[in-house]
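Given the sequences, and given the hints that come with them, work out the whole structure.
Which chain is which? The protein sequence lines are A and B, in order.
Residue numbers for the first sequence follow our numbering, beginning at 1 and rising by one.
Residue numbers for the second sequence follow our numbering, beginning at 1 and rising by one.
If you're looking for bench data, these hints aren't it; they were derived computationally from the structure.
One should not assume that every hint holds.
In silico BS3-like links for lysine-lysine, alpha-carbon gap of 30 Å or less [claimed, not checked]:
no., chain 1, residue 1, chain 2, residue 2
1, A, Lys110, A, Lys42
2, B, Lys14, A, Lys1
3, B, Lys78, B, Lys57
4, B, Lys78, A, Lys1
5, B, Lys11, B, Lys57
6, B, Lys14, A, Lys42
7, A, Lys110, A, Lys68
8, A, Lys42, B, Lys78
9, B, Lys11, A, Lys110
10, A, Lys110, B, Lys78
11, B, Lys57, B, Lys14
12, B, Lys11, B, Lys78
13, B, Lys14, A, Lys68
14, A, Lys42, A, Lys1
15, A, Lys68, A, Lys1
16, A, Lys42, B, Lys11
17, B, Lys14, B, Lys78
Sample of chain A residues lacking proximity to chain B, with all beta carbon distances greater than 10 Å (derived) [as the list claims (entries may be wrong)]:
no., residue
18, Leu19
19, Ser59
20, Tyr76
All residues carry an ideal CB built from backbone N, CA and C; glycine is no exception.
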Amino acid sequence: KQEVTQIPAALSVPEGENLVLNCSFTDSAIYNLQWFRQDPGKGLTSLLLIQSSQREQTSGRLNASLDKSSGRSTLYIAASQPGDSATYLCAVILTGGGNKLTFGTGTQLKVEL
Amino acid sequence: GAGVSQSPRYKVAKRGQDVALRCDPISGHVSLFWYQQALGQGPEFLTYFQNEAQLDKSGLPSDRFFAERPEGSVSTLKIQRTQQEDSAVYLCASSVALYGYTFGSGTRLTVV
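Right, dumping it as structure tokens:
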């Protein structure tokens, strides 16, 4: 069974810092990996999607990398801002596993002024 | 519509009561998913529809949980004889392919 783990569970940083969120998965036979953002009381917003054949994706201040062989992905946030405060979730879709997402438990990020 | 709409936003049910949660996906989205998110956890897959066909219901935790999408658009997740462990946020998502998921804001169910 695919297991997805995110470290750290919570993170508090001062505004302006660059930071890295980690995601690991046990089954490397993934179709793709996605990073989502969840604000309190709201649904999930897709941030970045990396296909299994790709190594990274970038959107603005966000960069996500994927290393399938080691079962790891990182989300890099540059020049963090208070508006980045949210819970960040990574999720994978297994090859041949239908198209259901298997989520990690998330990293709760707080960016302080 | 512009997004995935879920109703109600909040539901308080007495233990043993039946509840029905509604999801209105983006028009034209073939795929529809239900997830359950317990407090402090990531969402867990419940069930998946392609049009009106329920292709995967492996995540439904018990036979008290039932989902339908009779006309391939709106979906309803029904929980019979609710129990305290059913308290969670129930998220609905729709998509047109193996990416591009759009999630609704969820229904927070509290069983007392």
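Hints, one by one, checked against the model:
no. : hint               : verdict
1   : A/Lys110 / A/Lys42 : holds, 17 Å
2   : B/Lys14 / A/Lys1   : violated, 34 Å
3   : B/Lys78 / B/Lys57  : holds, 13 Å
4   : B/Lys78 / A/Lys1   : holds, 27 Å
5   : B/Lys11 / B/Lys57  : holds, 23 Å
6   : B/Lys14 / A/Lys42  : holds, 24 Å
7   : A/Lys110 / A/Lys68 : holds, 29 Å
8   : A/Lys42 / B/Lys78  : holds, 21 Å
9   : B/Lys11 / A/Lys110 : holds, 29 Å
10  : A/Lys110 / B/Lys78 : violated, 36 Å
11  : B/Lys57 / B/Lys14  : holds, 26 Å
12  : B/Lys11 / B/Lys78  : holds, 13 Å
13  : B/Lys14 / A/Lys68  : violated, 46 Å
14  : A/Lys42 / A/Lys1   : holds, 28 Å
15  : A/Lys68 / A/Lys1   : holds, 16 Å
16  : A/Lys42 / B/Lys11  : holds, 15 Å
17  : B/Lys14 / B/Lys78  : holds, 15 Å
18  : Leu19              : holds, 20 Å
19  : Ser59              : holds, 14 Å
20  : Tyr76              : holds, 20 Å
In summary, the structure is inconsistent with hints 2, 10, 13 from the numbered list given earlier, while agreeing with the others.
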